[in-house]
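Engineer: Taken in order, these protein sequences are the chains called S and G.
Read in our numbering, the first sequence has 18 at position 18, and its numbers run on one by one without any break.
Position in the second sequence (from 1) plus 296 gives the number in our numbering.
I should point out that these hints are in silico values taken from the structure, not numbers from a laboratory.
Among the hints, erroneous ones may be present.
To be verified - Partial list, computed: chain S residues near chain G (C-beta under 8 Å): (1) E95; (2) L153; (3) G274.
As the list claims (entries may be wrong) - Cβ-to-Cβ under 8 Å is the rule here; a few derived chain S residues that face chain G: (4) I84; (5) I103; (6) L170; (7) A171; (8) L194.
No experiment lies behind these values; they were computed from the predicted model shown.
Backbone N, C-alpha and C fix where the C-beta goes; we use that ideal spot for every residue, glycine too.
If you want the building blocks of each chain, they are given just below.
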Amino acid sequence: MAQDLLNALTLGSLYLLFALGMSLAWGTIGILNFAHGSIFVFAAFTAHLLVQEVALPMPAMLAVGAAVGAVLSLLVQVLAFEPIQRRATDHRKAEMQILVGGIGIAIIPLAVAQRLTGSVPFGYSAGTFRVSTWDLGFVRLSNVQLVTLVAALGLAAVIGWWLRAARPGLALRAIGVDAEVASMMGVDRRRLALLTMAVAGGLAGLAGVLLTYYLGSIAPETGDAFLLKAFAAIILGGVGSIAGVVIGAMVLAGIETLVLVTTSGTWAPAIAFGVIFLMLLVRPNGLLGRQEVRRT
Amino acid sequence: MNAWWVSHLVLVQSTFISLLLALSIQVPLRAGVFSFAGVGSYAIGAYTAAILTIRAQLAPVLAIGAGVVLAAVVGYLLALLVARLSGLYLGMATISFALFLGVLATNGGELTGGATGLFGAISTLTTTHVVAISVVVVLLLAASERGAYGRRVDAVREDPHLAVSLGIDVTRVRRRVFVVSGALGACAGGMNALLRTTVSPETVGFHLVVTALTMIIVGGALSWAGAAIGAVIFTWLPSVLQVVGDWQLVVYGVLVAAAAVWVPGGLLGLAQDGWRRLRASRRRVPPEGAAAPAAPVAADAEQQLAALGGPAAEVRS
Chain S
1 MAQDLLNALT LGSLYLLFAL GMSLAWGTIG ILNFAHGSIF VFAAFTAHLL VQEVALPMPA
61 MLAVGAAVGA VLSLLVQVLA FEPIQRRATD HRKAEMQILV GGIGIAIIPL AVAQRLTGSV
121 PFGYSAGTFR VSTWDLGFVR LSNVQLVTLV AALGLAAVIG WWLRAARPGL ALRAIGVDAE
181 VASMMGVDRR RLALLTMAVA GGLAGLAGVL LTYYLGSIAP ETGDAFLLKA FAAIILGGVG
241 SIAGVVIGAM VLAGIETLVL VTTSGTWAPA IAFGVIFLML LVRPNGLLGR QEVRRT
Chain G
297 MNAWWVSHLV LVQSTFISLL LALSIQVPLR AGVFSFAGVG SYAIGAYTAA ILTIRAQLAP
357 VLAIGAGVVL AAVVGYLLAL LVARLSGLYL GMATISFALF LGVLATNGGE LTGGATGLFG
417 AISTLTTTHV VAISVVVVLL LAASERGAYG RRVDAVREDP HLAVSLGIDV TRVRRRVFVV
477 SGALGACAGG MNALLRTTVS PETVGFHLVV TALTMIIVGG ALSWAGAAIG AVIFTWLPSV
537 LQVVGDWQLV VYGVLVAAAA VWVPGGLLGL AQDGWRRLRA SRRRVPPEGA AAPAAPVAAD
597 AEQQLAALGG PAAEVRS
């Protein structure tokens, strides 16, 4: 039981790292990045390619993953989303174009990774890091789990604090409330958008590398599944709310673990879809959301 | 011709099935409804047709017809459920609906054949039937894009509030596109299941959403012709692009991303813009004689509307 809880918390932390950046970008600069899953996988994959050449320790791998994720995310923002937002006539159209563009861009890194691996799962066995487990009596905690938990909860706390207390955080929240007025008040929207996307990509890359360490190996297709799960976590907690996405990720992971433990597990993938659908019908603002869902 | 037809039969079939699937997303998009429920209907149609053919040996027209009716009903109920949502939220709710059906099929036990799916749905459905059905569907849709009804749908897409104030029943138009989208998706799914004699959960996953969207975005989302252009391009591109071989998917991604960023109207929008410009440049020559002013004035009015982004700017073919 305690072991299941710990596993659920670890899974929740991985969802959290992935969903945090997505939620931040969506809640503030209004970008729902569908290439996020692809960035996540490609960052993990680049770290894999690198570790085949040089036997790197875990901190270096995490840094590589975060850096690759941030760079890819920035590229997507500069090459695709910025031109779309510049040219679109109205907000609704821009939103759809960003979604579609994201789906299109997502194909590219995924296809490259699938081509190079032949869709065979890849891992970091060439690195210097080895998984070890501590037996605490009631649970067995692995070093990967510890790093994941600390990284996810720590980064969520830092970002939550930054949004609430720091001046750029205030500016970013202002963009989320009203982008036009925010830029009239002297907020540099472009710079903050780039910063947000870089942070989001970096978190995705970090999640990718940690997931690969946690599971031993991942397939390139993992990104799609994570994308929909992150979406479920964000909707559950409320778009743009950091506490919401923490709760959403943990609750989703908790339900999934419960279903995996008590049944044969074939229903587990349906939980995220069910959560998305039910939440959108019953409470589209999420548990902690403040933004009104636009209706017509 | 005959030898070519036989050797390219599978490609011809999948062109028309892709066209119907793409249309099941394009019809809602044309009315400004961002719904992927058509992909879920594809699964409903495929499984219904396969089950009825294998278990009850029903004729293909009945097996596919049952799927179409079922998916249309489900589409209507879904429209009632998600009536409050719009934009991205609607898109995600319908994506989860479609993907949930895939999990449902995996867990359907004996009825749906579980993760391996169903095999041996052998029927008398031929390519000629598929082509005939597609042509009928396209003619009906083309008719619905013209005249007063077409303009009403344009108004619902461009400005739902304005449409309501003009006395257009926006809710009814939205429900209708859900039903039509369900029927089209189920038709595509049913015909594909019977032609390939098999259906499995893997054939109805997220990749269908990507495929359908790819075709519409590159072809053009505002008319059936855009979906047709997209279906032809993406079904035949692999046989032309053999040089690129394994990098084919990368090329797809680049095409979709480029279309989404630079050409939101798709290839069709591009062609129509070019045509309009060509016509405009011809008309700019000052005509001689007294009767001339009448026509250019009308054309100008249309162009001014187009410049303002009004309904006349939108694709109609």
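Engineer: Decide, hint by hint, whether the structure agrees.
Structural biologist: Each hint, compared with the structure:
1. E95: holds (6 Å)
2. L153: With Cβ-Cβ at 27 Å, over 8 Å, it is violated.
3. G274: holds (7 Å)
4. I84: The hint holds - I84 of chain S has a Cβ within 8 Å of chain G, the shortest such distance being about 6 Å.
5. I103: holds (6 Å)
6. L170: violated (26 Å)
7. A171: violated (24 Å)
8. L194: The hint is violated - L194 of chain S has no Cβ within 8 Å of chain G, the shortest such distance being about 17 Å.
Violated hints, listed in ascending order, are 2, 6, 7 and 8; each of the other numbered hints is respected by the structure.
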